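**Student:** Could you build all of it, start to finish, from the sequences and the hints given here?
If you read the sequences in order, they're chains A and B.
In terms of the working numbering, the first sequence has 233 at position 232, counting the first letter as 1, and numbering is strictly consecutive.
In terms of the working numbering, the second sequence has 302 at position 301, counting the first letter as 1, and numbering is strictly consecutive.
Keep in mind the hints are simulated off the structure, nothing from the lab.
Fair warning: there could be bad hints in the mix.
What follows is a list of derived Cβ distance ranges for each label pair [what the hints assert, rightly or not]:
1) A:Val24 with B:Asp155: 50 to 60 Å
2) A:Gln295 with B:Arg82: 47 to 57 Å
3) A:Thr3 with B:Ser266: 46 to 56 Å
It should be emphasised that the depicted structure is a prediction, and the values quoted were computed from it without experimental measurement.
Even glycine gets a Cβ: it sits at the ideal position worked out from N, Cα and C.
There are 2 protein chains.
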Amino acid sequence: MTHATAIAHPNIALVKYWGKRNVRLNLPAVSSLSLTLSHYRTQTEVRWDAPRDVVTLNGHPPSKAQAARVFAFLDRIDGARPPCAVHSDNNFPAGAGLASSASGFAALALAATTAAGQALDLTALSVLARQGSGSACRSLWGGFVEWRRGEEEDGTDSHGIPLEGADDWDIAMVAAVVHEGPKPVGSTAGMERSRETSPYYGEWVQGADADLQEAKAAIRARDLQRLGEVMESSTYKMHATMHTSRPPLLYWHPGTVQILHEVASMRADGLGAWSTMDAGPQVKVLCARTDAPQIARRLTPHATRVDVLVPGGPARLVP
Amino acid sequence: MTHATAIAHPNIALVKYWGKRNVRLNLPAVSSLSLTLSHYRTQTEVRWDAPRDVVTLNGHPPSKAQAARVFAFLDRIDGARPPCAVHSDNNFPAGAGLASSASGFAALALAATTAAGQALDLTALSVLARQGSGSACRSLWGGFVEWRRGEEEDGTDSHGIPLEGADDWDIAMVAAVVHEGPKPVGSTAGMERSRETSPYYGEWVQGADADLQEAKAAIRARDLQRLGEVMESSTYKMHATMHTSRPPLLYWHPGTVQILHEVASMRADGLGAWSTMDAGPQVKVLCARTDAPQIARRLTPHATRVDVLVPGGPARLVP
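**Tutor:** This is the structure we're talking about:
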């Protein structure tokens, strides 16, 4: 086969990932835990052995840097590869803190290796996808996924591990988009700035394992409040390392803070809703599926777009 | 004398104060450094030996809790005092993170002790004012004031110390008010929550002395950029301990973030402007006096009120 198409969903970290122990291999300083989401998806078609290297994103050529990142990733699959054609489509805003690089590199890893005639298992695909974008290693699986930082220098033990719990638990994630557009500082540059300059970075790294254990215990107990609280705590700790970087990394927008206050107000009204943000201004709200419509209605006046997402499935080939 | 009137100005911390080593005496966990501001002022009249205890704030009775705080403060001056009448007026928003309690308790300390016939020096007044509101101990003096945390259990070594530097340096502070109204969590309760629950509180306390030394060196060198950068860093570190408290203390409003981005944008345009925030949503921007009008113009679309303030003078009696 020299041609394959794959779909993957983005994932949102509940225990957050910020900081690398190895930049080239995308090895994280902390373990993390995510929820793969439905509805949002990247679909990527790879032709292995094309007339020339070409890549499109939603039908248009991406930036030179993005194209170079894609081809460097294909070189990892086969250093002597032929020219390749990559066509990728997202049905949600890219590069805006909605994890489009996670679904993007997960879909690319699956489509490209299949097109190249390689049959990798999910763990090997996760190790590969991680090298394209760290969080992509969690998008090979659906539901809850743990990403252990690992200890090996070559990163072979740093990959996603699927967890039980999402299939029989009616939870949802309401994504409130407050600003579409690329982030001012990319994640890798931002993580390095935090590692080098934030006085709180050491404590951030030290506390991550306890958050991971707390989140796993909450998932085992199907305790949404407990999971929501550790997610919010991990989120604020991560953004605190961003804010205290020099110069400060302020990914929040006015609308971000508006929604954070609205979520606090919903909780004061007895609604179970907990917020998280990544390296961008959007807010995602974890809640029970039955509460999602009401929460979406309350967020709508403050957002340019609100989507109700539920746990999504694994990356897969399109026949 | 049984009657006296005093004026004091609020001060804004450049090296921030957050956290107490003794709540009853308002002894801080960290040393801090402030700039006393012009224009904004509290004027307080005290009649010592009145028909009954009475207090007004801007002509109206304050909350019971505020009134109790005023009379408890008078009890510290004389445990066997007669009934007292206190009338206090602010020409700026109170209880909104603009340091009205600093000017308030500095003016009250000076007016009440004078009315009671006590002649205290400024250091003794500072120790007294601190017990009403911690930051009030810095408002006895004009310009730059250091507040050393002190080591004594009784707080006698924890008071303001005036610094040289503000008289011959043309700096300004542009205050952008984005939301008037009381803060959701008072400073004392907020500080205790951070001390008890923020994982970054220990590092916050540990780093404060270095910030103080850096700010004093910047003032000695009349280096505004250096002073602005350590002020911003101290500010973000303080707010990070607030955000990582459980539950989070989010004093920021949407307008706060709007102005933080505008200040970053001004700096990108080559304008020297650095931001600070206290336990409230307002942003104060440190700059050269010659740049203040331009900075005020750029902040005006994002604020409900913008004031250009310069270094102010000490607390004083009104004849």
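**Student:** Compare the structure with each hint and give your call.
**Tutor:** Going through the hints against the structure:
In this structure the supplied range 50 to 60 Å holds for A:Val24 paired with B:Asp155, their Cβ-Cβ distance being about 53 Å. Between A:Gln295 and B:Arg82 the beta carbon distance is about 55 Å. The supplied range of 47 to 57 Å therefore holds. Here the CB-CB span from A:Thr3 to B:Ser266 is close to 49 Å, well matched to the stated 46 to 56 Å.
Of the hints listed earlier, there is not a single one the structure fails to meet.
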